[in-house]
Amino acid sequence: MNKILLVFALLAAFAGIAAAQDPASGPDPVAPKDAIAPRAGVTIYGRLDMGLVVDSGPAGRSVRLTGGVAKGNDLGFKGSEDLGGGYRAGFVAETGYCADSTTSSGSGTTSPPYCTGSNFMGRGTHVDLYGPFGGINVGRQYPVGHSYLMLVDPFGGGTAGQVLNLADVSGPYVSNAIRYMAPTLGGFNFAVELGLGEPSHGSWADGRENGASLIYGSGPASVGLTLYEVRNSNGFESARRNVLLGGWYDFGVVKVHAMAQRSTGHPTGVALPIDVLDLMAGLTVPAGAGKVMATYTHHDDRTSFADHGDQDAHQWALGYLYWLTRRVSIYAAWARITNQNGGKLTVGNPSEHGTGNESFNLGMAYDF
Amino acid sequence: MNKILLVFALLAAFAGIAAAQDPASGPDPVAPKDAIAPRAGVTIYGRLDMGLVVDSGPAGRSVRLTGGVAKGNDLGFKGSEDLGGGYRAGFVAETGYCADSTTSSGSGTTSPPYCTGSNFMGRGTHVDLYGPFGGINVGRQYPVGHSYLMLVDPFGGGTAGQVLNLADVSGPYVSNAIRYMAPTLGGFNFAVELGLGEPSHGSWADGRENGASLIYGSGPASVGLTLYEVRNSNGFESARRNVLLGGWYDFGVVKVHAMAQRSTGHPTGVALPIDVLDLMAGLTVPAGAGKVMATYTHHDDRTSFADHGDQDAHQWALGYLYWLTRRVSIYAAWARITNQNGGKLTVGNPSEHGTGNESFNLGMAYDF
Amino acid sequence: MNKILLVFALLAAFAGIAAAQDPASGPDPVAPKDAIAPRAGVTIYGRLDMGLVVDSGPAGRSVRLTGGVAKGNDLGFKGSEDLGGGYRAGFVAETGYCADSTTSSGSGTTSPPYCTGSNFMGRGTHVDLYGPFGGINVGRQYPVGHSYLMLVDPFGGGTAGQVLNLADVSGPYVSNAIRYMAPTLGGFNFAVELGLGEPSHGSWADGRENGASLIYGSGPASVGLTLYEVRNSNGFESARRNVLLGGWYDFGVVKVHAMAQRSTGHPTGVALPIDVLDLMAGLTVPAGAGKVMATYTHHDDRTSFADHGDQDAHQWALGYLYWLTRRVSIYAAWARITNQNGGKLTVGNPSEHGTGNESFNLGMAYDF
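Residue numbers (the working numbering), protein chains in the order written: chain Y, 1 to 368; chain C, 1 to 368; chain A, 1 to 368.
Please note: incorrect hints may appear among the correct ones.
Cβ pair distances, simulated, as ranges [as the list claims (entries may be wrong)]: (1) Gly343(C) with Gly60(A): 52 to 60 Å; (2) Asp250(A) with Gly186(C): 37 to 45 Å; (3) Leu245(Y) with Asp82(A): 42 to 50 Å; (4) Ala271(C) with Leu245(Y): 55 to 63 Å; (5) Gly86(C) with Thr303(A): 37 to 45 Å; (6) Ala182(Y) with Asp82(A): 53 to 61 Å.
Selected chain C positions facing chain Y (in silico; Cβ < 7 Å) [to be verified]: (7) Met50; (8) Asp100; (9) Arg327.
Worth flagging that the hints you see were computed from the coordinates, not collected in a lab. Think of the CB as a built atom: it goes at the ideal place given N, C-alpha and C, for glycine as much as any other residue.
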């Protein structure tokens with residue numbers, strides 16, 4: 001009870017500060033909100049992307065039309081409200097959806113019900129507070145490491161060329177999460193996040209996810225170090241840890257990208273521990289109102305077991321993106337993975353795992 | 001066939017009346033609607049609410065981030081159209097969604113797929129007709145008794161402090177429902193509703209829900225009597241009946257609330273008949289641009305069985321709500337239930353049942 | 001690899017053409033889209049329709065409130081972008097939803113989770129390109145034959161009176177589809193579509209759907225020939241083929257409709273081959289700001305098996321639609337099917353199969 005009274009006191013103090021900052025905007029006490037504020041001010045945005053996908057592999061060829069090939073299809077609602085004194089509140093509610101088909105026949109192409117996200121509003125959905133202190137987001141959101149990986153990858157984490165084909169992240173969203181982003185200081189951005197599990201009781205560390213990123217940016221250069229970690233359900237050890245070091249330098253005629261990610265741990269449901277080092281080098285070359293992208297990624301499997309040696313792999317990827325207008329783009333991409341020692345890594349895209357070790361995409365997207 | 005011809009005749013007559021009321025707005029006969037009316041005029045609204053929930057109870061502590069703690073998260077679409085002659089048509093389509101996580105690990109925290117509602121557009125979704133006769137809503141909607149309970153409860157049916165922790169309503173929405181609201185007469189509002197089941201054949205009373213409310217309001221005072229009733233699938237008897245008498249008086253410096261609800265019947269799937277009387281007394285005290293809320297609720301279990309005595313309980317609740325702006329609010333709430341004779345009532349919130357008999361909430365909400 | 005290089009070259013050429021057509025609108029190369037284009041320009045539209053449904057049949061009577069009786073309830077998002085040079089890009093993302101109830105108790109009334117569509121955005125959802133060459137839609141969409149059938153049917157494929165009660169189409173949407181529509185030439189419209197399945201490997205013809213339509217329109221007259229075909233999962237033969245010939249002539253005081261559809265094949269999951277000829281004749285009569293609709297449909301079952309003779313049937317249907325305003329309409333409809341030799345065809349509506357061989361509807365709809 002003492003702690004609770006303390007929190008109430010802190011909250012009252014916070015309310016006092018906020019009221020002092022913005023006395024003019026305070027509503028009548030206890031007035032029902034609807035009586036004084038007509039609802040308005042929500043922005044709708046999203047993307048509809050459809051592409052032809054041609055997968056090739058040992059099992060044969062698969063020709064499909066797929067939604068969200070270059071970037072997952074989404075529909076979002078967002079808004080922002082000035083709180084005065086340099087403070088601002090906001091919200092984002094974003095759902096994935098399937099534009100191609102609502103079912104999947106092949107296990108290799110299985111999509112979750114919302115294609116990119118396992119539920120309605122299953123993509124980034126959070127309430128936000130920004131101010132001189134930085135920013136806080138509360139809800140479901142990208143791991144900060146995943147966000148930076150998508151910037152480092154010349155393909156932006158999309159199409160067959162995505163580095164994610166090799167450098168897996170075990171789920172791009174962190175639920176029940178709170179993220180703090182510090183203000184930019186001397187070119188440095190620091191963010192930390194904590195994803196609480198959904199514990200009914202017992203250790204509240206069960207299934208907890210942690211993340212952090214430290215990113216330096218200056219003009220054409222960026223370099224970042226990020227961490228992602230998920231706890232086993234017993235709460236005692238890291239089930240998976242991703243440490244990423246990456247960045248880019250934009251020379252104008254060409255932008256050079258590089259990334260190293262080490263993934264270790266023993267994820268729940270996986271038979272054996274993992275220990276993988278992914279190394280990516282890539283280029284982006286402006287070409288008219290578009291760009292050419294290319295990457296080479298080496299997947300160094302550092303485990304070795306009785307029944308097979310280490311399953312190293314590497315991927316070559318080549319792509320082209322062209323903006324017809326600011327909203328409408330067309331793209332083509334190709335990637336091939338060479339697996340070793342019976343490895344089964346496939347070339348997929350943000351909406352599908354893919355069915356073979358080689359894939360070609362050709363598509364069009366409308367960002368609204 | 002005779003009945004059908006009669007209905008057609010009545011409909012034609014109604015159409016004639018409507019045409020007479022608004023001759024100018026009638027479209028060309030048989031013209032396709034799209035050709036003459038560009039689509040427009042839909043309002044989007046909703047809420048994104050995230051809170052920290054700390055549950056305590058015999059099984060231990062649970063610390064979680066939860067969406068929709070003070071009020072369920074929703075996204076809605078609505079519109080209104082003048083029919084002339086004092087008549088107006090409208091629609092509301094509202095869905096719940098999960099902002100925290102898309103799955104639930106603990107049975108105590110289980111949420112339906114849309115967190116507040118078991119399907120897309122699973123909250124209030126109805127087409128409306130208003131006029132001098134009053135109003136008719138057809139579709140899925142709140143029981144009128146539940147709507148009034150949320151007004152009588154100082155917590156508005158939200159946060160840990162909700163009176164619904166004790167005074168359960170077995171589902172806040174009535175599907176397949178038609179509601180009639182009479183015009184206000186001398187301060188009195190009367191409404192009645194009928195929720196048809198989904199019968200494939202046989203008695204169309206299967207699963208039927210009935211509701212009614214009579215509410216008197218004048219300046220600072222309100223008092224209401226409401227009824228909710230659901231029929232067993234055999235159609236012969238009431239499976240559950242809630243009778244609520246409640247109201248408030250606003251003295252300015254403090255608003256006083258009181259409520260009594262009797263729940264009786266033998267709901268499908270429940271082993272034993274229920275007979276419960278819930279008595280709530282509460283206060284709302286304006287405090288700056290916010291308010292303090294407090295309630296005491298006594299749960300009088302009027303049944304007694306061989307294996308246990310009556311499972312009475314009571315709940316203390318305290319909360320604070322502060323509006324940072326007309327759209328953005330912060331809140332804190334605490335509630336504790338004392339169970340007797342092995343009762344297992346938990347402190348939850350609109351989106352979760354809760355995992356313990358005590359809970360603390362701290363959160364922020366954005367109404368858009 | 002050679003093919004892939006060829007496609008890249010073609011894409012680059014296409015990009016060059018597009019850039020030449022609209023040099024002013026090209027963004028800076030490689031600029032992130034968000035930095036230069038504030039998101040805007042999405043139109044929201046939809047429909048909320050609720051009706052009383054009274055089904056009668058051998059099993060008894062069912063009285064229900066149903067959403068989407070005259071036309072399935074939907075909510076859509078769409079937009080359009082000028083590409084210059086006579087080209088235009090667009091998108092449509094449309095979902096069904098249930099306005100009545102989220103579950104179904106009777107098998108006869110079973111609705112998919114989204115009532116008209118089995119998933120979120122399960123109705124027409126595609127990205128589009130229009131130009132002097134015609135139009136291309138890629139994504140999930142109506143079969144072209146189904147679209148024309150809804151125009152030929154005086155009931156527009158809605159209410160109890162829908163010809164679809166007899167002339168089934170086994171799923172009104174084609175997933176993973178690409179459709180090409182030729183420019184109108186001398187009154188002729190031609191369209192062809194191909195719905196790829198979701199093959200993981202092997203024959204990419206598995207589950208493929210094909211469609212085509214040739215429609216002639218001139219003033220008050222229209223006549224069309226359409227084809228729909230779905231392949232068995234073994235890819236060797238047509239699982240179902242619908243060939244439709246239909247049209248109308250509008251005399252002003254009355255519009256006359258006629259349609260013949262032959263359905264043949266052996267759909268997956270159906271015990272015996274089907275061979276059905278549906279013949280429909282109908283009238284639309286303007287009446288004030290509304291219209292009266294009537295049809296007679298004969299369902300000629302051309303199969304005959306050991307355990308039963310051919311299950312012919314016929315349907316009489318009568319309806320009335322009245323526009324209160326451009327957005328708000330009321331409707332009534334009645335239909336009865338006479339089954340022969342133990343046939344079990346039921347009178348349904350766009351959202352339900354129905355529970356009896358006779359049904360009456362009375363409802364109101366709001367198009368927004």
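Hints, verified against the model:
{"no.": "1", "hint": "Gly343(C) with Gly60(A): 52 to 60 Å", "in the structure": "violated (43 Å)"}
{"no.": "2", "hint": "Asp250(A) with Gly186(C): 37 to 45 Å", "in the structure": "violated (55 Å)"}
{"no.": "3", "hint": "Leu245(Y) with Asp82(A): 42 to 50 Å", "in the structure": "holds (44 Å)"}
{"no.": "4", "hint": "Ala271(C) with Leu245(Y): 55 to 63 Å", "in the structure": "holds (60 Å)"}
{"no.": "5", "hint": "Gly86(C) with Thr303(A): 37 to 45 Å", "in the structure": "violated (58 Å)"}
{"no.": "6", "hint": "Ala182(Y) with Asp82(A): 53 to 61 Å", "in the structure": "violated (43 Å)"}
{"no.": "7", "hint": "Met50", "in the structure": "holds (4 Å)"}
{"no.": "8", "hint": "Asp100", "in the structure": "holds (5 Å)"}
{"no.": "9", "hint": "Arg327", "in the structure": "holds (5 Å)"}
When the structure is compared with the earlier hints, violations turn up for hints 1, 2, 5 and 6 and for no others.
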